[in-house]
Amino acid sequence: MTYTNDKEQQRMNILTDILTRLHHGSTPEEVQAEFDEHFQGVSAIEISLMEHQLIESEKNDITFEDVMELCNVHANLFKNKVDGVGDVSEFEKPGHPIHVLKTENQAMRAALMRINRLIKNISDDALEPGLLRGLKNQLALLGQFEQHYQRKEEVMFPVMEKYNHTAPPKVMWGVDDQIRTLFFEVLTHLDSIYDTGVTALKECFDTFSHEFTEMIFKEEAIMIPLVLDIFNEDDWLHIAEDSERFGYAIVEPEEKWVPERVDFVEEKEANHSESQVEKPLDLNNLPDTQEIPFGQGFLTLKEVRKILDLIPMELTFINKDDVFKYFNNSIPDEDKVFLRAPSAIGREVKNCHPPKSLAMVLKLVEDLRSGVKDKEQMWFERKNGQFIHVTYVAIRDDDGAYMGILEYVQDIAPLKALTGMKRGLS
Amino acid sequence: MKIIDNTIDFQIPVYDVIKQHPEVKQLLVEFGFKPLTDKAMLNTAGRLVSLNQGAGKIKADVTSLRKELEWNGYEVKGVDEK
Numbered sequence: 000m001t002y003t004n005d006k007e008q009q010r011m012n013i014l015t016d017i018l019t020r021l022h023h024g025s026t027p028e029e030v031q032a033e034f035d036e037h038f039q040g041v042s043a044i045e046i047s048l049m050e051h052q053l054i055e056s057e058k059n060d061i062t063f064e065d066v067m068e069l070c071n072v073h074a075n076l077f078k079n080k081v082d083g084v085g086d087v088s089e090f091e092k093p094g095h096p097i098h099v100l101k102t103e104n105q106a107m108r109a110a111l112m113r114i115n116r117l118i119k120n121i122s123d124d125a126l127e128p129g130l131l132r133g134l135k136n137q138l139a140l141l142g143q144f145e146q147h148y149q150r151k152e153e154v155m156f157p158v159m160e161k162y163n164h165t166a167p168p169k170v171m172w173g174v175d176d177q178i179r180t181l182f183f184e185v186l187t188h189l190d191s192i193y194d195t196g197v198t199a200l201k202e203c204f205d206t207f208s209h210e211f212t213e214m215i216f217k218e219e220a221i222m223i224p225l226v227l228d229i230f231n232e233d234d235w236l237h238i239a240e241d242s243e244r245f246g247y248a249i250v251e252p253e254e255k256w257v258p259e260r261v262d263f264v265e266e267k268e269a270n271h272s273e274s275q276v277e278k279p280l281d282l283n284n285l286p287d288t289q290e291i292p293f294g295q296g297f298l299t300l301k302e303v304r305k306i307l308d309l310i311p312m313e314l315t316f317i318n319k320d321d322v323f324k325y326f327n328n329s330i331p332d333e334d335k336v337f338l339r340a341p342s343a344i345g346r347e348v349k350n351c352h353p354p355k356s357l358a359m360v361l362k363l364v365e366d367l368r369s370g371v372k373d374k375e376q377m378w379f380e381r382k383n384g385q386f387i388h389v390t391y392v393a394i395r396d397d398d399g400a401y402m403g404i405l406e407y408v409q410d411i412a413p414l415k416a417l418t419g420m421k422r423g424l425s
Numbered sequence: 000m001k002i003i004d005n006t007i008d009f010q011i012p013v014y015d016v017i018k019q020h021p022e023v024k025q026l027l028v029e030f031g032f033k034p035l036t037d038k039a040m041l042n043t044a045g046r047l048v049s050l051n052q053g054a055g056k057i058k059a060d061v062t063s064l065r066k067e068l069e070w071n072g073y074e075v076k077g078v079d080e081k
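Quick mapping for you: the protein sequence lines, in order, are chains A and B.
Just so you know, numbering that gives the first Met the number 0 puts 349 at position 350 of the first sequence, and the rest follows in order with no gaps.
Just so you know, numbering that gives the first Met the number 0 puts 30 at position 31 of the second sequence, and the rest follows in order with no gaps.
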């Protein structure tokens, strides 16, 4: 990435400077004020991108460990910030992976507070067995953070990496492992409390507790804003599904998250029973072989299906209500530019895109709907040698009413490469 | 964000206690509230009976329940100790 913007370049320099100082032994407290001054209001994603660039760059000696330290500085910045709250989004609904993550964090913080209370109340001369038993109980409960971390690492991180955010997961995973080690030390100290004493346990737990709480802040202040910005609804569905395998910490999701979708099968049946009289064709019972009038001629349903799956383009159709309704299957998945999932049929188009590209998509849909445009074309090269040409075209009824958008995508590299002529059979 | 509260109220229905603190269920079961493992019981009796009343029903001492919860780091309120 190159920074054309002076301000961005300036920030990059400051971040480099801060990280270099951390690398050479400055404490996070020493750089906090400077960080706050320059990075207040800068998005987590932007900062993580810069960190990423600095770790990768050969020009400095900044390491993962330095960025890990900066994580605390960064989280501190967000701690002081009050975010405006919008309306209830999908991720605020029970069962959504983000809701689950936050509920667990809440439950784990509560457990942490209980343990803190207990540890405050024990002393070497009065080791109440009941209290020790309770403490063990509560630590075992808190130990379920393992499920929380594993889910994050095994299910969410790969999706972040898919979008080329490789540095934040790596850094966070490193800190997770440190926290695991600290927790293990706490358990060891508790097991040997009659030998090693209460003070050692207290000190060890304080260190763990601090890092553990910091991680909660990192998840909520950096990771969550970041992933909410880049994941689309299919990613979240996939994450929700894969999460069950790893289990949950302290609290189970109250319900399964089901995003709102339109069900075409039911809709069709409902329409069918209402308007049966007017409909000349009973589509539900139409034999595959019956001839249906199409444009200038006739086609059977089977022929339509075969033809659509033969046209050498990726066809995608969204209807007038912006609902993703159809895609054809003529291109093998590995060659497709936009891989579509059958499970996405029925989704609103605004949910099929990450927030990053959403504004452009919605603008395009609006322009095609309103008639500002009838068509939009884009083209780009892919690393695999394909030259992709994409067309979005508005579909309008005979009276001009908007019916939806057809997208067709084709690899024109083979066509561009043609020269001369070929007028005979192969 | 919801305010974290580790207080257990002995006067409200057990169902509500568990709703607020799901992790307490296991503790209560181990203490002697065996019927709580049964979802149907939790949804019926659990909605009617408080911890104070429940302790009486399983012939347990409400003071030892209070202690058990405090030993697990909870604060308690409304304990009906005679």
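Since the hints were made in silico from the structure, they are not lab data.
Be careful, since some hints might not be right.
[What the hints assert, rightly or not] Quick list of in silico lysine-lysine cross-link-like pairs, DSS-like style, CA-CA up to 27 angstroms:
| id | chain 1 | residue 1 | chain 2 | residue 2 |
| --- | --- | --- | --- | --- |
| 1 | A | K349 | A | K6 |
| 2 | B | K18 | A | K101 |
| 3 | B | K56 | A | K101 |
| 4 | B | K18 | A | K255 |
| 5 | A | K135 | B | K66 |
| 6 | A | K301 | A | K319 |
| 7 | A | K101 | B | K38 |
| 8 | A | K169 | B | K38 |
| 9 | B | K33 | B | K66 |
| 10 | A | K101 | A | K255 |
| 11 | B | K24 | A | K119 |
| 12 | A | K92 | B | K24 |
| 13 | B | K76 | A | K119 |
| 14 | A | K255 | B | K56 |
| 15 | A | K119 | B | K56 |
| 16 | A | K101 | A | K349 |
| 17 | A | K324 | A | K349 |
| 18 | B | K18 | A | K92 |
| 19 | A | K372 | A | K355 |
| 20 | A | K255 | A | K382 |
| 21 | A | K92 | B | K38 |
| 22 | A | K362 | A | K324 |
| 23 | B | K18 | A | K135 |
| 24 | A | K319 | A | K355 |
| 25 | A | K255 | B | K66 |
| 26 | B | K56 | B | K18 |
| 27 | A | K161 | A | K355 |
| 28 | A | K324 | A | K355 |
| 29 | A | K135 | A | K92 |
| 30 | A | K161 | A | K374 |
| 31 | B | K66 | A | K201 |
| 32 | A | K119 | A | K6 |
| 33 | B | K33 | A | K135 |
| 34 | A | K319 | A | K335 |
| 35 | A | K382 | A | K415 |
| 36 | B | K66 | A | K372 |
Exercise. Keeping to a limit of 27 angstroms between CA atoms, is the pair of K18(B) and K92(A) held or broken?
Worked result: 17 angstroms, holds
Exercise. Has the given pair, K255(A) with K382(A), been kept, meaning a C-alpha gap of at most 27 angstroms?
Worked result: 39 angstroms, violated
For this session: Could you grab the alpha-carbon distance between K18(B) and K135(A) and see if it respects the 27 angstroms cut-off?
Result: 23 angstroms, holds
For this session: Take the C-alpha atoms of K161(A) and K374(A), compute the straight-line distance between them, and say whether it is at most 27 angstroms.
Result: 31 angstroms, violated
Exercise. Under the criterion that the straight-line Cα-Cα distance not exceed 27 angstroms, is the pair K24(B), K119(A) satisfied?
Worked result: 25 angstroms, holds
Exercise. Do the alpha carbons of K101(A) and K255(A) lie within 27 angstroms of each other, as the hint requires?
Worked result: 16 angstroms, holds
Problem set entry | Holds or violated: K101(A) to K349(A), with C-alpha atoms at most 27 angstroms apart | Distance of about 25 angstroms is within 27 angstroms: holds.
For this session: Mind checking the alpha carbons of K169(A) and K38(B) for me, to see if they're no more than 27 angstroms apart?
Result: Distance ~42 angstroms between K169(A) and K38(B) Cα, so the pair is violated.
Exercise. CA of K161(A) to CA of K355(A), is that 27 angstroms or under?
Worked result: OK: K161(A) and K355(A) at ~15 angstroms, within 27 angstroms.
Problem set entry | Proposed proximity, K18(B) with K56(B) (alpha carbon, max 27 angstroms) | It holds: about 21 angstroms lies between the C-alpha atoms, which stays within 27 angstroms.
Exercise. Given the hinted pair K101(A) and K38(B), is their alpha-carbon gap at most 27 angstroms?
Worked result: 26 angstroms, holds
Exercise. Has the given pair, K382(A) with K415(A), been kept, meaning a C-alpha gap of at most 27 angstroms?
Worked result: 16 angstroms, holds
In this structure, the earlier hints numbered 1, 3, 8, 14, 15, 20, 25, 29, 30, 32, 36 are contradicted, and the remaining ones agree with it.
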